[in-house]
Structure formats: C-alpha cells, structure tokens
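Asks: The lines below spell out each chain.
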Amino acid sequence: MYDLSATENGTQAQAHADLGLQLARSGNLERAEAELRQAVDLEPRNAEFLSALGTLLAMDKKLEESTTIFRKALQVAPNNSTVRRYLAANLWQLHSYAEAKKHLQILLQQHPDDAPSRLLLGMVSENTQDYATAAKMLGSVPVEVIKRPESIAALASSYYHLHERDQARDTLRLLSGDTKAVLLGAEIADQGGDYDEAERLLQLAVASTADSGALEYRRALVQYHAGRFSECQRTLQPLIETTNVTPQAYNLLGWCYHRGNEVKRAVEAFEHAISLAPGDESNYLDLGRILLAHNFVPVALDVATRATTQFPNSAPVFNLRGLVESRRLQFTDAIHSYAHAVQLDGGNVDSRLGLARAQVSAGLISDATLTFNTAIQRFPKEPRLKVAYAELLLKLGDAGDVVANARAEKMLRLALAIDASNSDALYKLGNLELNDGRVAEACKNLQQAVKFSPQSSEAHFALARAYRRLKRTNDAAKEMDLYKGLKEKELESQAPEASVPSDEAHN
Amino acid sequence: MKLTIDSPVTRQARLAACVIPLFVIGICVALSCRPVFASSAKEIFTDVTQDAGISWRQFSGESPDRFLIETMGGGVAFLDFDGDGLLDIFLVNGGETPHGKSPTPLKNSLYRNLGNGKFEDVATKAGVDKINFYGMGVTVGDFDNDGFPDLYVTGFPASALFHNNGDGTFTDITDKAGVKNSGRWAASAAWFDYDRDGLLDLIVTNYAQLSFDNPKKCELNGVRSYCAQVAYVGLPLTLFHNNGDGTFTDVSVAAGLEKLPGRALGIVAIDVNDDGWPDLFVARDASPNLLLINKHNGTFEDAALDAEVAYDENGIAKSGMGVDGGDINNDGKPDFVVTNFNDQYHSLFTASSSGVYVDRTAVSHLAGLTKSYVGWGTKFLDYDNDGNLDLMLINGHINEEIESTRLDVKYKEPPLLLRNTGNGTFQNMREIAGATFLSTYLGRGLAIGDFDNDGDSDAVITTLNGHPILLRNNVGQNNSWIGFSLQGTTSNRDAIGAKVMVTSSGRTITRWITGGGSYLASHDKRVLVGLGGNAKPVNVDIRWPNGLSQHLSNLPTGRYHPILEPKAPNPFNQIHK
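Sequence lines, in order, name chains A and B. For the first sequence, position 307 matches number 306 in numbering that gives the first Met the number 0, and the numbering has no gaps at all. For the second sequence, position 375 matches number 374 in numbering that gives the first Met the number 0, and the numbering has no gaps at all.
It cannot be assumed that every hint is accurate.
Computed footprint of chain A on chain B; a stretch qualifies when at least three of its residues, placed anywhere within it, have a C-beta under 8 Å from a C-beta of chain A [said to hold, decoys possible]:
id, segment
1, 212–220
2, 280–294
3, 363–371
4, 400–406
It should be emphasised that the hints constitute simulated quantities derived from the structure, not laboratory data. We put the beta carbon where it would ideally sit given N, CA and C, even for glycine.
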C-alpha cells in the first residue's frame, strides 16, 4: 500500500513550485511568493521548495523570514551548499557576522575554491575588522571582486588597515567612472587616511557629474580630515556664497574655524547652520562642544539652554547642558539636566555616565553609587562606566573605605576584559598597583597606558614613578621629560574662562 | 527623698564611700599621677579670647571686584617681644581694596601678655600698628642677634621689616635693610640661616602677579566670584642674605630661585637630609611644591619631583597653602603636612630611607578627614604630651557660592585637631577638643606656642573678617614634658635650624627649631617635648645650626631649660638648674 495523498500532495506542490518560479522570472514576485508558500505548505520538508521561497523572500528584502526558511531548508538538506551560501548571505546582510562566518567556513571546508563563498567571507571579515582574512579572501577572487564596487571598497579598506597603501590604491583604481562607486572609493581612502587619493577620486567624480556642490563638500571634508583647515575653508567658501548653501557646509566651516582658533567665526558659521536647519540638533551640539573646548563656558551655557528649549525631548541636548553646567561647577543643575536626559532616553550611556559623575562632584556619593550600579547592569559591555565607577571607588578608598580599592581593581579588570586598549583603565590600574607596592605589574599596565594614550601626561608621570621604584633612572627621566612637555602644552591650552568670543568683554 | 535613720554601720559605710574617692584623688595629686576624672571632664582646648581681652578683628577689603587677596590674609605670630618670658601675640591686618573700604582705620595688633591670662594691645605704642600695604603674614626672628625678636610683615605690593629696639618699640627699617620686596604679593616668610654664618637670612614666598587696576572677572553659578588661582601668574621666591650690618642682599638669582616661579604660599625651613644645613619645603597653590635642598654653596636644588612631593599621583599640582615639618613616626626624619583645597585632601608625606617620600594621606585617615575642607594654617604639635606629634589644621572656603553648587562643601569650615594614634593614623578629636572645633569659621592662620608656660602647646587661629581665637590647652600639662629655650652664640641666637633629640625610657624623640611653618605664621621658638607618663630625667642631644653637637644628661622634666650654645667645642656639658 502506498500513500496516494502524499503522492497527490507532491504533485500539487511541484505544480505550485513550478508556477511560482515562472512568476518569479517574469517579475511577479507577489504571486510567485504565494505559489511557493503553497508548495512549502504541501511539502514542508522539501529543501528545493524551501530554498526557492527563501530566495524569493530575500529578493523582496524580507530577510528575517528568508533566513528562517533557509535554516529550515538546511535542516532538511545539510549538505546543500547553495542553501548554506544563501543563508550566509542573508546573515551578512542582517549583520549576524559570527553565524555567517560559521556557515562560510563550513562551505569552504567542503569546497575550498568556492569563489562566492570566498567573496562573502571576505566581506564578513572586513565587517568584523579581521582585515588580514578579508584581504586574503577578497584578494583570491579578483574576478568576483571587480564586479562589485562594495567588494572593491572592502578590499581597499582591508589593505589600508593593513598599512598596505599602494595595494589599496591599486584596488581603488578598479572602480569605474560610476560616480557612486568613485564616491565610495573616496570615502574608503578618506577613512584610511589616504587623503591625497581621496581627493583625486573626488576630482574624478566632479569631472563627471553635474552635482559638483556635494562633491566639493566631500572634498572639503577630506581636507579637514587631513588637517588642511585653511584649504578646507577655501574649498567651502564658494559653496557658502551660493544661494543653495547647505547647513552641512556651514557646520564644516565652523569646525575649520575652530581648529584654526578663530572662535568668533566658528560661532558665526554654526549660527548660520542653525538658522538653515533649525530642526537639526547636531549644530547646537557641535557649537556647544567647540565653545567648551575654547573655554567660553557662559556662552556654551547659552547655546545649551537654547538647544534644550528647541529640543525638549532630546537626550543628547540635555547631556550637553549637563556637561556645560558641570564645567561651571553647577553640579546640582547638572544632575537635573542629566537626570532628564536619562528619563528621555534610558538607553543613552552618556546620560548615565554624566549623571553619576555630577552626583559624585556634588558629594552625593550614595546616589552616584546607585546610578553606577544600575547603569553597569544595564550596559555590561560599556567599559567607560566601569572605569568611572572605579574612579569613585578609588576616592572612597582614599577616604578610608577598606574594601573600595579591591572593588575598584575588579571594575578596572572587567573594563579591560571588554577593551584591553582602554588607556584610562590601564592607567588607573597601574596607579593602584603602584600604590600597593606591586611595581612590576604596575609598570606593565602603565607601559600599555602610554602606548594607547601617548598624549596622556598623567600616564607618563605614573610610569616615571614606576621606573623610579625599579631604579630605572634613565627611563624615569625620559618619561618625566615627556610628562613635562605634555603638561606644558596642557597648561598653555587651559585659557582662563572667557565671557564672550570677541575682543570686547562685557557683563 | 525619704529620710531614714541610718545605723552607725550604714553611716560609716556611706562616709567611706564618699571619702575613698577623695582619698584616691588626693594620692594621685600628690604623686603627680594623671587625674583621670579631671582630664576626662575637660575639653582639650578652651577658647579664652574674650577672657584674654582680645578684641581685634581682621579686615579683608572684600569687594565686588573680588580680588583673590581678599580671601587669603590672616598672619599671626607668637613672640616674646619684650623679653619678659611670656609669649605675646602679633596679628597682621589685611587692607583696603579699591572698592572694599574700612569704616575705621586699619591696624595690626600686638597683644602683650600680661601674665594673668590677659593681654593688652600695645601695637600703636610699639610702632607696629600701621603698614602702608595690604598685610598678609609675619615671621619673627632676631636677625641682628641682639636678643630681641624682630618682625618681618609680608604683603602686597610690599613687605616691611620692623627692628625690635629692645624697649618695647620697633622701628621700620625696611628701606635701609633693602627687604621691601617691592611690587610683589608676598605670603609666608621664614627666617633661617642658609649659609650657616650665624645670621638669620630671610626667605619670602611670593604668590602671584596682582594689580588692583585689573580685577579678573569670574562667576560661580552665575554669581560674580573669586577666580581660580590659575588665573594668576605665579612668582619666584625671594631670598635675602643677611649682610650682618643691618642690610640684606637679594640673592634670589644667585641661589637659583628665580627659575622656579609658582604660586607659593607656605614655607618651612628644616634639615631634610640631615646634613646639618637647612632646606626648604614650599607649599604652592596649583604649582608643584618645592623641596629645595641646600647645596652648601649659596644655592638650592629642587628635589621635589624625585622625592614625589611635587605633584599628586596623577601628576597634578595640588592647591598647597600651609606646610609644616616634624617627625610624626619617631624615626628621626622630618615628615610634612600640606593643606590643600577641597577634594584634594590635605597631604601627609613621610620620609623614607631612599629619599622618596611616601604619601600617607589616605592610610593615615587624613584623606577621609579632610576631603571637604579648604585648608590653610597647619602645625604639628604634641597637644597631649604623649610623645607623638599630633596635628592641627585650620579650614575655611573662599567662595560663599560654593554651597549653591555642592552639598558636601561649606563656606565656613571647622578647624581640626587630629591625635596621632602612634600606629600611623590620625584620630579626629572633635568631640572633646573644645567648642571651637565644633564650630565653623573662615579659618586662615595658625600659630602654636605655650603662652601660659604650663608646659603644653596653646594655639591662636585667625579668621577672615573675624576675631582671632586664642586656645588654651587644658590637658598637655597632665603628662610629663620637658622644654628647651635654645640660645645660639656662634649659631644664630634664635637657634633656628637646631635639631634636638630627647632620649627617655629607651625612646628618642626628635624635634627641630624650624623657620616658618603653617601659613603666614610664626611660632614659639622653644622646643616642647611630651614624654607621656615618664617623669624621670632625660638625656638630650643638640645639633646646633652651625654644626656643633652638645650632649646634656639627666635633665629634670616639667620645666623649660635655657640652653646656651657652647662656644668651645666641648660637647659634653651637664647643666643643672
């Protein structure tokens, strides 16, 4: 006896599947999807039907469902390379890089020369900053790479990260005259610090497009990144003289003036950006930060206050206000601002960090401790919270809390487990060990601190202390010289608080 | 109460119950025991200012211009200006500012100790009541070795030297002596004999560039307030060499001091490396502290960085104001305390054999005790005469607006009396120190001296725009003690720079006659050593400032011993009085 209904189902399912594929080829995705769903309903363990449905859903950008379907297909047919590859592609697009990588490695074990898998693994590796693997994989499938600007960009980016500038440039030259592709290449070069190449690509794009304004803006951005602030200003000047000047152009001009210490002009530029885009809080935020950097704290408070009126529901804006209030030592006000920011967006780490710090500064230690503990629970992978909490614990340790230092050390080690290059954590841990007499360990951590933060005067100072304890006098002297040089620069840049960014001071 | 008729046995028992404690007390008094009942009932220090008749008030010149100098005055000195064996008190007034005027003429005060707990202001009679500059601090020293202490008053934009004429009057000899320190804002100063020629030289801390024509504008919480000290550019120290003829020479450049500008406020002269030559610890405000080692050739070399007292562990220069040096752990080496701003803790540095100081601020509990305070005058003193140096710290903020931005820092702050427990920590004696320590002030200067000659350290505190506070010590004389009044012959007469080592019951206690110390203040030059419960005679070794060593044995306790520096190199003298 055989199951006639099963046979009937199978025939019907095949019919639906065939129709579905036909409809898909003709571009009728909606009906194709319906047919393929019916095929799958009738034969839910048919890998071919599942794969077809998954592919169709992917084409229609229904990636999550497509991924679920591909997973089912793979369960039914675990050796189906096509299904596995499509699944990996979905996962990559969904940013599930670890799982994507797992499937690609299985594929390459089975079929080491599978070019699409190599290509995809290259892309995934670049996304996960495994640049060596990315370069190896993408470099091994030039035919595949050359077809796709994104792959060319990924390969170039990998070469830049591996400090292989010439290879990166050669790769970018594979980009065609297509403006979009060239812009992508320019962005990659810019990010890679290859500003000359970025400008060259942008000039190519300018030559072949009508929208030179946007490209000139991009060129000015590259010049800014390259530290060529006067050039950046000159590039932007024609743009701001046009009638369709963009707020971004004024924003960038403001940054250029800031770097050139022309604060008044920077303020004017940002105010123009604000007037052009009153609904964009980023201009207020940038202006506020620049004013703080130049110590125009009262003016920064004005800007922050205006911003909070304009954007009453913006956590970043209230963070700015809290930051300015803290700078003015108005810690109780800062607490209110940061607390409001937390209420507006509980997922903003900066709000919680700012709140805790303001509470510490105001002497509300219990409140600060609660804020830290809540924030650390909520954001366990955020090292800044742990380091800031450790700072509080170290202060409590100084004040006589016998267990606080041990807890501080634990926090710092947890922070370093998340980010081994966190120079602040390395410095604080090194100092703690030094004070505890663990000089050799202190030395190691402080050496790492100066490696990751070579401009930190305090790290050099602490390392000098450690070297002195180890009787490494010459090394201590070298570190002290570095400390003194950096400290001098810090003190020079600490201008007294100024009232207004102009030549006339008024009350 | 119910009346009952007692039986004779009961009555006798009751009488015995009353009499026995009295009998015990009587025995204790006779044997000079420490009467437990009496000391536990007394506060450690009593404010006797009113009883003493001290009514003077400091004037800061506080004004809307908010010149930082308005927050920083308060000089005070204990000195025996008339040689009658009783410590008098000199108080330095502040001054007027362009918009901070006094309704009455400003004057310094010289309170003469009348010996019965009373004092009388004789400043006008003595000719030290007026100065023509904004007054800051004072240092007392017999610069001409005539037996009468002279006064150097610091201030802005000048300082003044008053020579003690020996007849109850002083003469302003500033210009003749060449010690005006013109144009500078001077703070603490110290007499010390840096070249060991037997004549006291003068070191002056200069704070910062200041001009009454150029007020700086700062705000705290939207209110005009005093600017942070970093808004003012620091200055180098001034060193005046005593020429021996009533004149001085500014040798700051030659001494290597001109290349060390900073905002200096406190100074103490003490032999740091035990080579017999006086060195200097300079407390500086948001400038690195200085540890100036005397090179024996008229120059000084700053060793603060290597000694790890210049900055805190983060490489930050704290806001050092007052400083004192003394041996708090009885290892024979001077340790240092420095007062700082709130959140910085007042620092405690103890000497080690390597020359690097150990920062014991936290482990000694000083950090926890001083976190919220802005400190000024500070002095090591053995208030209970148990042989361990205790610590007094004077606190007070500069900005009234601080209370609108901080919940843990106040404008007026209490002074602190911290007892040295003997195991490396300090204990706050607030509850029994006396009412003064339970109150809050804008405290500034602190001078220590035994004004009633009962063998324990008394104190006088100055407050901004307020009355000084004279504190009488009630407990120190209940322990054994010994005191020395040194007089140099080839060394400077005040014996500043002498090192005194008292050996008692196998324990050696080391003290120095320092120059300067605290903030804007000058102290009793006698050496007072607490001996705890040991009343047996003690041995003393003295290293005089010019290098001579002297040994004295079997000195009875409970009194001050006048000791003259031997002229001939005969180190073994026994002196009985």
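Asks: All the hints need checking, so say for each whether the structure fits it.
Replies: Hint-by-hint comparison with the structure:
1. With 6 residues having a beta carbon nearer than 8 Å to a beta carbon of chain A, the segment 212–220 of chain B meets the requirement of three or more and the stated coverage holds.
2. Look at the segment 280–294 of chain B against chain A: 0 of its residues bring a Cβ nearer than 8 Å to a Cβ of that chain, fewer than three, so the hint is violated.
3. With 5 residues having a Cβ less than 8 Å from any Cβ of chain A, the segment 363–371 of chain B passes the three-residue criterion, so the hint holds.
4. With 4 residues having a beta carbon nearer than 8 Å to a beta carbon of chain A, the segment 400–406 of chain B meets the requirement of three or more and the stated coverage holds.
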